[in-house]
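*Asks:* Chains as they are written, first to last, in our numbering: chain A, 1 to 471; chain B, 1 to 471.
Treat the hints loosely; a few may be bogus.
[Stated by the list, open to error] Simulated pairs of lysine to aspartate or glutamate, EDC-like, Cα-Cα distance not exceeding 16 Å:
(1) Lys214/B to Asp97/A
(2) Lys214/B to Asp428/A
(3) Lys214/A to Asp430/B
(4) Lys214/B to Asp100/A
(5) Lys318/A to Asp366/B
(6) Lys214/A to Glu324/B
(7) Lys318/A to Asp35/B
(8) Lys214/B to Glu324/B
(9) Lys214/A to Asp100/A
(10) Lys318/A to Glu324/B
(11) Lys318/A to Asp97/B
(12) Lys318/A to Asp444/A
(13) Lys214/B to Glu324/A
Derived from the structure by calculation, the hints contain no laboratory data.
There are 2 protein chains.
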Amino acid sequence: MSPGRDAVSGWLAAQRSRLLADLEALVRIPSVSADPARAAAMREAADWLSARLAAIGLQNVRRLAAGGHPAVYADWLQAPAAPTVLVYGHYDVQPPDPLDRWLSPPFEPTVRDGRLYARGVSDDKGPTLTALGALEAFLAVEGRLPLNVKLLLEGEEEVGSRTLSAILAAHPDLLAADVVLSADGARWRPDLATVNVGSRGIVALELTVRTAAKDLHSGRYGGPVANPLHVMCALIASLHDARGRVAVLGFYDGVREPSAEDRAMLSAIPFDEAAFFAGLGAAPGAGEAGYSALELNWLRPTLEVNGMWGGYMGAGSKTVIPCEAHAKITCRLVAGQDPPTVARAIERHLQARCPSYAGISVAYGDHGAAAYALPPGHPALAAVEAVLAERSGRQPLRVWIGGTLPLSAMVLETLGIDTVTFSFSTADEDYHAPNEFFRLASFDEGLTAWVALLRRLGALPAAAFAPFRRR
Amino acid sequence: MSPGRDAVSGWLAAQRSRLLADLEALVRIPSVSADPARAAAMREAADWLSARLAAIGLQNVRRLAAGGHPAVYADWLQAPAAPTVLVYGHYDVQPPDPLDRWLSPPFEPTVRDGRLYARGVSDDKGPTLTALGALEAFLAVEGRLPLNVKLLLEGEEEVGSRTLSAILAAHPDLLAADVVLSADGARWRPDLATVNVGSRGIVALELTVRTAAKDLHSGRYGGPVANPLHVMCALIASLHDARGRVAVLGFYDGVREPSAEDRAMLSAIPFDEAAFFAGLGAAPGAGEAGYSALELNWLRPTLEVNGMWGGYMGAGSKTVIPCEAHAKITCRLVAGQDPPTVARAIERHLQARCPSYAGISVAYGDHGAAAYALPPGHPALAAVEAVLAERSGRQPLRVWIGGTLPLSAMVLETLGIDTVTFSFSTADEDYHAPNEFFRLASFDEGLTAWVALLRRLGALPAAAFAPFRRR
Chain A
1 MSPGRDAVSG WLAAQRSRLL ADLEALVRIP SVSADPARAA AMREAADWLS
51 ARLAAIGLQN VRRLAAGGHP AVYADWLQAP AAPTVLVYGH YDVQPPDPLD
101 RWLSPPFEPT VRDGRLYARG VSDDKGPTLT ALGALEAFLA VEGRLPLNVK
151 LLLEGEEEVG SRTLSAILAA HPDLLAADVV LSADGARWRP DLATVNVGSR
201 GIVALELTVR TAAKDLHSGR YGGPVANPLH VMCALIASLH DARGRVAVLG
251 FYDGVREPSA EDRAMLSAIP FDEAAFFAGL GAAPGAGEAG YSALELNWLR
301 PTLEVNGMWG GYMGAGSKTV IPCEAHAKIT CRLVAGQDPP TVARAIERHL
351 QARCPSYAGI SVAYGDHGAA AYALPPGHPA LAAVEAVLAE RSGRQPLRVW
401 IGGTLPLSAM VLETLGIDTV TFSFSTADED YHAPNEFFRL ASFDEGLTAW
451 VALLRRLGAL PAAAFAPFRR R
Chain B
1 MSPGRDAVSG WLAAQRSRLL ADLEALVRIP SVSADPARAA AMREAADWLS
51 ARLAAIGLQN VRRLAAGGHP AVYADWLQAP AAPTVLVYGH YDVQPPDPLD
101 RWLSPPFEPT VRDGRLYARG VSDDKGPTLT ALGALEAFLA VEGRLPLNVK
151 LLLEGEEEVG SRTLSAILAA HPDLLAADVV LSADGARWRP DLATVNVGSR
201 GIVALELTVR TAAKDLHSGR YGGPVANPLH VMCALIASLH DARGRVAVLG
251 FYDGVREPSA EDRAMLSAIP FDEAAFFAGL GAAPGAGEAG YSALELNWLR
301 PTLEVNGMWG GYMGAGSKTV IPCEAHAKIT CRLVAGQDPP TVARAIERHL
351 QARCPSYAGI SVAYGDHGAA AYALPPGHPA LAAVEAVLAE RSGRQPLRVW
401 IGGTLPLSAM VLETLGIDTV TFSFSTADED YHAPNEFFRL ASFDEGLTAW
451 VALLRRLGAL PAAAFAPFRR R
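Using the sequences and the hints, build the whole thing.
*Replies:* What follows is the structure in structure tokens.
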């Protein structure tokens, strides 16, 4: 190990408590992008990051916006022969609801058993500040970075990255790079070195059923009049067949069955289905029949109701026949599925099954992204695998994720480049649920891993990426 | 018309503005039984009534309580050969929410277009004071009542009469009577003289579906894991068949088809189904096939979901697979159905259809009452019909109500007597909604109608009721 490397690592060790205090300061800011009442907190988080980026020596700090919460941008471009990476993270967080399930308040970071608990600490403020810490260490110790870095910290990841595509499209030269290194996403398991090579897409829609002009008393009107909750249930129940398969005509158009290679890759992965279900307090049997749990999560599309409501939800009973019912639906998509085409197929299915005594309306979310797959021979994938192998002593496994990284598809479409995820959050960290946490050990591990990855990529010629440019 | 009758009517006409001022005073007291913050107002309303009852010359004024808001009792028992009637009303009111929909404040009585607007004015303070006004008129003009009267003014009608049964059971001698005259309930339509001869019963339950120990991310877990909203929808959808019939085994046990007499009675009623649905902004076709709207509302039982919820209900989308889903269910019951038996049949249906990967629990509400039917030959029914016929010039129509009057079933069970409703509120007076009102013409009409009814019942021998005592 070179003296430089020792010095960077030493700097990180010495600064550890200050870096952690920075993370705590950032997660105290309730930057919930979905909540209009949190607009001031969104600005505060962007300000906090902008100030940090300038303070550590990054240049050209600015905001990029396209009508929504802005992304924070900065760069350092003084390594002419080296590749250019676009480091991605996000500063917005999920809503903290249900608040009553949190053991400590969501925006008061609390350490318990080596874990830092707070909304957004794992998704994605912790991983984002991990990458930032590595950049700071290089600049502080060596006065330079080993390659050209552009940083793009989004403010709308948790609301479907609704303006990110416009931001990317509006700044093709500013954001041009050889590859995106994403500090978002999550390691699949804490006990296994893995690298993500693909993610599912997503499409969202919201269904409203209406049956009358106003809520009605169930005694005075019950019997002849329709109940929108009954209609809603029948419609939702019609979306899956008895074997757990989505029953929407055209839903699976373009979807290929897992190949022999896919199945071989999956079978190489140590995965205990019984332990998986037991760990969730859940039981198998609900998914599409004929597929393993990993196939269902990574290689098969889903249609899920994420929320449903109507009528009286308070204590006791209220004898009301509501006039409306609502359901929020998202689908996870795989290669071959086009988000708007899937949404329209679902709407057609629902419209065709809506009884004459009800009316439905379907609103399309802006939450759409196609599935993504990283080319197997990509040099950034090789670099990530080498870093992880070096640190764990064995070759990391290639895995998919069942979630969506809308970024990858957008970046491919707008900038023509691929995205490698390099995040040190872990998928069990309850990042869309109460009691989200980030392992402090992951923070430490991530800081030095980012240092190693940036060095390794900096040693490659920029030309190594040319064959993988998609345009 | 006897001079006495003229004098009583003349007294009512002379006292009209004072009687109306009394009603305004009572509706200014926000006696919302469901709201613990209104406990003082509940006491104030009971005090106000107690003072009025004593002032008009009723005796033995007291409160009867069984752990909840007390009922106010008073009597006048100085007509030894005449029948004894138990006059029922209630002084508690529905919560006024949603407040922003009221055109004038709910507890500031306001006259507009011959209607008095205020929470509780139609249900049931107006009808209660109508009966009281008639008693006062007799006592003021004639110094006596034409029959024995016991008065029971409940304080928990709007919270399911939760202690009324205990109050009735605890005072069998005090409350013993030949018939109950209820000033609660509502005339079916403003344009038609009707008398209620039956009401549906009710039973409530709440279903919870659980599929995991906590909410899960739809990307990371979606595919292999169960979604409780999907399970809930399939279960709820299974409760009705394609023809709108409740599909629960045993649900219709004991239910008889409408008889030829029932159908003849219903067909005599002018009822425009198209106008009924149009007025609600609704469409026909959802109810059990083969029955008219009135049959469905009055003579057929229902199973309704009154509220359902689970997962994310806020703005935008949240990619969550919730771990729980909830539904509130009530059934309106007809003769032959036992509330707890029906609830257990529904639970068995749900348990039998719950998939292996979900767990359900069913909680029973305390909101249970059997259906009630007044015997067709009851002398109090004949008296009410005669009074209404005399005043409208034609025989009133016998109608059912689709709602529940728990009082009738409780009185039958505890006191062994029947209940005749004699209320001058009307079913369109928004009594569980914003802008509740009471027609001032109904107040005037009710005062003299109560006078006529009490005279007519007082002319009957007490023995006329003996054949109808249920025990």
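*Asks:* A separate judgement is required for each hint: does it hold in the structure or not?
*Replies:* Results for each hint:
At roughly 13 Å between alpha-carbon atoms, Lys214/B and Asp97/A fall within 16 Å of each other, so this suggested pair holds. Straight-line distance between C-alpha atoms of Lys214/B and Asp428/A comes to about 12 Å, which keeps the hinted pair within the 16 Å bound. In summary, the hint linking Lys214/A to Asp430/B is supported, as the alpha carbons are separated by about 12 Å, within the 16 Å threshold. Straight-line distance between C-alpha atoms of Lys214/B and Asp100/A comes to about 13 Å, which keeps the hinted pair within the 16 Å bound.
At most 16 Å may separate the alpha-carbon atoms for a hinted pair to count; Lys318/A and Asp366/B meet this at roughly 12 Å. For the hint linking Lys214/A to Glu324/B, the alpha-carbon distance of about 28 Å lies beyond 16 Å, and the restraint is violated. Using a Cα cut-off of 16 Å, the hinted pair Lys318/A and Asp35/B holds, with the two alpha carbons roughly 15 Å apart. This hinted pair checks out: Lys214/B and Glu324/B have alpha carbons roughly 8 Å apart, not beyond 16 Å.
Straight-line distance between C-alpha atoms of Lys214/A and Asp100/A comes to about 32 Å, which puts the hinted pair past the 16 Å bound. Of the pairs offered as hints, the one joining Lys318/A and Glu324/B is violated, with about 21 Å between alpha carbons and a cut-off of 16 Å exceeded. With a CA separation close to 13 Å, the supplied pair Lys318/A and Asp97/B stays within the 16 Å bound. A distance of roughly 54 Å separates the Cα atoms of Lys318/A and Asp444/A; the hinted pair therefore is violated under the 16 Å criterion.
For the hint pairing Lys214/B with Glu324/A, the CA-to-CA distance comes to about 28 Å; that exceeds 16 Å, so the pair is violated.
In this structure, the hints that do not hold are numbers 6, 9, 10, 12, 13, in rising order.
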